[in-house]
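J.: Below, each chain spelled out in residue letters.
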Amino acid sequence: MKMMNCPLNGLRNISEFVYGGEVKSMPDHVTCSDKEWADYVFYSENTIRVVMEWWFHSPSGYWFIAERHTASDEILNTYDPSERFNERVEFDSAAAVTEEKRA
Amino acid sequence: MPFSLLKYGLKNDYPFEKDADLPSPTELKKHYDVIIIGGGGHGVATAYYLAKYHGINNIAILEKGYLGGGNTARNTAVIRSNYLTSEGVKFYKESVDMFQGLSNEFDFNIMYSSRGQLTLAHTDATVRSFRQRTEVNTHFGGKTELIDPQQIQELVPTLNMNPADMPILAGLWHIDGATARHDAVAWGYAKGATQRGVELHQLTEVTDVIVENGKAKGVKTNRGEVSCGCIVQAVAGHSSIVAAMAGIKMPITTYPLQAMVTQPVKPFLDPLVSSSALHCYVQQTGRGEMVFGGGSDPYPLYNTRSTLDLKESLLASAVEMFPFMANLKLMRQWAGITDMTSDYSPIMGLSPVENYYLDAGWGTWGFKSTPICGKSMAELVASGGKVPELIAPFAMDRFDEFRQVNEMGATAASH
Ligand SMILES: Cc1cc2nc3c(=O)[nH]c(=O)nc-3n(C[C@H](O)[C@H](O)[C@H](O)COP(=O)(O)OP(=O)(O)OC[C@H]3O[C@@H](n4cnc5c(N)ncnc54)[C@H](O)[C@@H]3O)c2cc1C
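Protein chains in written order, with the UniProt record's numbering: chain H, 1 to 103; chain D, 1 to 415.
Hints are computed from structural coordinates only; laboratory data are not their basis. Treat the hints with care, since some could be wrong.
[As the list claims (entries may be wrong)] Heads up, simulated DSS-like pairs for lysine-lysine below, C-alpha to C-alpha not over 30 Å straight-line:
| # | chain 1 | residue 1 | chain 2 | residue 2 |
| --- | --- | --- | --- | --- |
| 1 | D | 52 | D | 311 |
| 2 | D | 29 | D | 11 |
| 3 | H | 35 | D | 217 |
| 4 | D | 30 | D | 220 |
| 5 | H | 35 | D | 52 |
| 6 | D | 90 | D | 52 |
| 7 | H | 24 | D | 215 |
| 8 | H | 24 | D | 29 |
| 9 | D | 217 | D | 90 |
| 10 | D | 249 | D | 220 |
| 11 | D | 29 | D | 311 |
| 12 | D | 215 | D | 329 |
| 13 | D | 30 | H | 35 |
| 14 | H | 35 | D | 311 |
| 15 | D | 52 | H | 2 |
| 16 | D | 329 | H | 35 |
| 17 | D | 29 | D | 7 |
| 18 | D | 215 | D | 266 |
| 19 | H | 2 | D | 29 |
| 20 | D | 215 | D | 29 |
| 21 | D | 29 | D | 329 |
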């Protein structure tokens, strides 16, 4: 079976992992247009090259980033998301802002 | 050995040459009214209907490999219309009707075989959704019934009624379900199209799309540059890649889909049988082989390699359904790369680029739509971009407006 190197658990069978989509930058969900949000949710590059992707180690509930070639299936690198993301996105406060706007 | 066969064997010319052959390759012209990228079933069907119904025959089909060598050659040939949404059922129903007349229309046998498709329910929730699908299908003129376990056993005596300890509660019996020889469909359309003047250029890869001021003007290929009035792209698994050449981003992810076939055995299974819970479908071909298919690979990839994981999981389910098949030997295994949308419905119609039309997002279920999709795309092209009502719900911008056509439950496991 194909193996993947989980940054938290080491080398594991690929069947323990769940694919989570391309890493893309999220637009500001409070101020962005519907089209921008749709673009973020549904559209993707879906191309042939090394791509940065979200992966999930299901038994331990751990999300991380992998760099993988989408034709050869070679996994070049895996690492903890903190290497790319260091700010927390607060959805609660955003929801509150939207509620305020409505009221 | 019959002497007539020996006589043909010694003759120089092939007896059926004038019937069987496509025209010999020609040089690419400088300009065509319509360029179709992709010589799969969809591309050649679109060309055929443009020439047949709209008198447009200055058309080039550009195919990077060979005619019908993509997913058209790789599918498991299930034809059915028992989907869930009104938009879907209405569309697929027309395709099933058209399939029934294709052999006559082509004067070429596409081996259409109407044996019915049975989908099994193992939970109450599935039974409820089957009830809904029966109603929707019947409403649009399809033949579909909800049947009970006893009727299922009469229909398929060899089926294990308690596969993987999940008792079969009911079945969605789609009497219109059928198969056809997939290659023959592409060949029939190609023959009909080329006889009407359409040019099929195999080994011709589109490497770039020329767009000026938001309008499609032509393509670059490995055989030079060609200008055109408009372009239709019908490249299945490569949809995102080709669309990107025209500067278009698509709501598509490309996944491999694998299937496999066993050695031939005596005929014992007439209907196509699929299980909604085991994600497995089984059918016997006219040659006696058992064909197995199931869900897509678990993550995206542009690669038609085969995996042991898929063989193990799929065959485990198949053997649960028909235990005696455990003794059969696998003969072939293959894969295609499929263009999946998140609502499991296709994308047909206009694109952000003028004169550039999309026929994509067919994922794991697009063989059955070949006739009606070709006919609808031809109408769209011939009218200069007036979207036929039948395909309007499948426009790409449905994703921008959050009005998807959700067929996931009706598509995922039975193609
Ligand atoms: C294993 C498997 C089982 C399936 N089972 C079923 C089923 O039972 N029922 C069903 O209805 N559907 C099924 N499908 C789906 C079905 O096969 C496809 O949706 C359908 O064949 C798509 O047809 P097409 O003509 O659009 O694509 P294709 O037949 O793939 O044709 C596209 C063509 O475009 C060409 N191309 C790509 N890029 C370029 C380029 N740059 N330049 C020139 N040409 C290019 C390719 O070479 C290819 O020949 C299955 C698919 C697979 C893989």
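J.: For residue 29 of chain D and residue 7 of chain D, compute the direct alpha-carbon distance and say whether it is at most 30 Å.
T.: violated, 41 Å
J.: Measure nothing beyond the straight line between the CA atoms of residue 35 of chain H and residue 217 of chain D; if it is 30 Å or shorter, mark the hint as holding.
T.: Roughly 27 Å between the alpha carbons, so the hint for residue 35 of chain H and residue 217 of chain D holds.
J.: Taking 30 Å as the top limit, are the C-alpha atoms of residue 90 of chain D and residue 52 of chain D close enough?
T.: The given pair, whose Cα atoms are some 23 Å apart, holds under the 30 Å limit.
J.: Assess, step by step, whether the Cα of residue 29 of chain D is no farther than 30 Å from the Cα of residue 11 of chain D, and give holds or violated.
T.: violated, 36 Å
J.: Hey, residue 52 of chain D versus residue 311 of chain D, does the alpha-carbon distance stay inside 30 Å?
T.: violated, 43 Å
J.: Straight-line Cα separation of residue 30 of chain D and residue 35 of chain H no greater than 30 Å?
T.: Between residue 30 of chain D and residue 35 of chain H the Cα gap is close to 38 Å, so the pair fails against 30 Å, i.e. violated.
J.: What's the verdict on residue 24 of chain H and residue 215 of chain D, does the C-alpha distance respect the 30 Å limit or exceed it?
T.: holds, 29 Å
J.: Check the hint pairing residue 35 of chain H with residue 311 of chain D against an upper bound of 30 Å on the C-alpha distance.
T.: Not satisfied, since the Cα-Cα distance of roughly 41 Å exceeds 30 Å.
J.: CA of residue 29 of chain D to CA of residue 329 of chain D, is that 30 Å or under?
T.: violated, 49 Å
J.: Check whether the Cα positions of residue 29 of chain D and residue 311 of chain D lie no farther apart than 30 Å.
T.: violated, 46 Å
J.: Can the restraint linking residue 2 of chain H and residue 29 of chain D be considered satisfied, given a maximum Cα separation of 30 Å?
T.: Violated. Residue 2 of chain H to residue 29 of chain D sits at ~48 Å, over the 30 Å cutoff.
J.: Under the criterion that the straight-line Cα-Cα distance not exceed 30 Å, is the pair residue 24 of chain H, residue 29 of chain D satisfied?
T.: violated, 42 Å
Of the numbered hints stated above, those contradicted by the structure are hints 1, 2, 5, 8, 9, 11, 12, 13, 14, 15, 16, 17, 18, 19, 21, listed in ascending order.
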